[in-house]
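Novice: Under my numbering, the first residue of the sequence shown carries the number 306, and numbering increases by one thereafter.
By construction, these hints were calculated from the structure, which means they are not laboratory data.
Bear in mind the structure is a predicted one, so any value in this text is a computation, not a measurement.
The reader is advised that the hints may include incorrect statements.
Label pairs and their computed distance ranges (CB to CB) [claimed, not checked]:
1) Ala-574 <-> Asp-525: 36 to 42 angstroms
2) Glu-584 <-> Glu-507: 25 to 31 angstroms
3) Pro-558 <-> Ala-595: 48 to 54 angstroms
4) Ala-574 <-> Gln-348: 48 to 54 angstroms
5) Lys-536 <-> Gly-598: 45 to 51 angstroms
6) Thr-352 <-> Asp-525: 15 to 21 angstroms
7) Leu-652 <-> Asp-459: 35 to 41 angstroms
8) Glu-594 <-> Ser-544: 35 to 41 angstroms
Quick reminder that beta carbons are idealized off the backbone N, C-alpha and C, glycines included.
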Amino acid sequence: MSESEPWFYAWCDEAERLGAFAAALSALVSPGALISLMMSHQQGCETRAVDEVLAIIRAHFGGTNNAHLGSGVRLNDSARDMMFELKCYTDESERIHPWGPFRLTAGERTWDFFPDEVLVGSSSPRFVDAEAAVAYHMVQGDIEELLLRLCAPDASGRVPTGACTINQEWRAPVEMCATYNASAAELARDLALSWVSLHDNESVSRTAGMSLEALHARVDAAPRGTRVSMKGKSELTRSLSRETVLKALATPPATLLEALEAAAVPDDAWRAAEPKAHEIMDLLRQLGEAPEGEGPPAFRADITTRGHTRFLGEHAPFHVRRLPSGGVVLATHPYRTLWPLWADALLLLGITS
């Protein structure tokens, strides 16, 4: 269904970077999994000991010597096992090319992460929308879990922001499929960072660490009436104005979060598909619990068609998740972006211009 596995990004101050990397690595690596480490200047190792890996990284990380690591991860939501790659870049490397500074990919091949088929009842007609909804449920929990393992493996708050996409580049937050903010009070960062990135054509990797005040100043410095182009269906959602961003920054964070939650309502097409999707998922559970060769009759249905992809890109629901730490995750399926959620929230607040 996808040309790429999901790519996860996170920003952390360089002084905190190795501590954040160690916490993320411990949260990701399956117990006893083989870890392959390679530093940019050829130091490396293969071991099952996380401490050995971290010792090498601490001894050599710096300048343009970055850490590239591969291992195995067990996903709690789906109970799947897969390979992952985690990379940590220095500030000097980021100035040369903005890669991260943290970048995580999951799955050696696209189909390791995204399902390409699903079992459906052999006597039932095909329901493309429902099958697409099943595909959403099969990966959505894993997306959010990996984002949080990278950005918030502990309560340190060292990583203030991160995101996920299938586009192999940290783009404007509203163009991603998921974002993480360590503090709900700074949720408007996603909108301001998006505007600055799109208006100034600047890498998010290089601006993600800016304070909310600095981002506000960058937006405010633009001429009145300045707009950036967006991908939207209506005239109101095809661009984002400087004035709208400034109004969002002036909105109380709690009000902004409530508007996003109110906007995160499944549309009619998704609600219509859900009953049949749950039937398919019930069938999958029955087949999973039945002895091999037994269970209800079923056949493998291809869910990589244009119809499946289009339905997810247009109708996959949004999830606004408040974290016990005080942070917030905004998420949808990787075939969709967060801009429709933000556009609807801004309309609800009456600050779209």
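Novice: So the hint says 35 to 41 angstroms: do the beta-carbon atoms of Leu-652 and Asp-459 match that?
Specialist: Holds: the Cβ-Cβ distance is about 37 angstroms, inside 35 to 41 angstroms.
Novice: Verify the CB-CB distance for Pro-558 and Ala-595 against the hinted window 48 to 54 angstroms.
Specialist: Because 49 angstroms falls inside the window, the suggested range holds.
Novice: Indicate whether the distance between the beta carbons of Thr-352 and Asp-525 respects the range 15 to 21 angstroms.
Specialist: The hint (15 to 21 angstroms, Cβ to Cβ) is violated, given that Thr-352 and Asp-525 are roughly 51 angstroms apart.
Novice: Is 35 to 41 angstroms right for how far apart the beta carbons of Glu-594 and Ser-544 are?
Specialist: 51 angstroms, violated
Novice: Determine whether the Cβ-Cβ distance between Lys-536 and Gly-598 falls within the hinted range of 45 to 51 angstroms.
Specialist: Once the Cβ atoms are compared, 47 angstroms apart, the range 45 to 51 angstroms for Gly-598 and Lys-536 holds.
Novice: Is the gap between the beta carbons of Glu-584 and Glu-507 within 25 to 31 angstroms?
Specialist: At roughly 47 angstroms between Cβ atoms, Glu-507 and Glu-584 fall outside 25 to 31 angstroms, so the hint is violated.
Novice: Take the C-beta atom of Ala-574 and the C-beta atom of Asp-525, compute their distance, and say whether it sits inside 36 to 42 angstroms.
Specialist: 39 angstroms, holds
Novice: Tell me if the beta carbons of Ala-574 and Gln-348 are separated by a distance inside 48 to 54 angstroms.
Specialist: Holds, since Ala-574 and Gln-348 (Cβ atoms, about 53 angstroms apart) stay within the stated range.
The structure is inconsistent with the numbered hints 2, 6, 8, although it conforms to all the rest.
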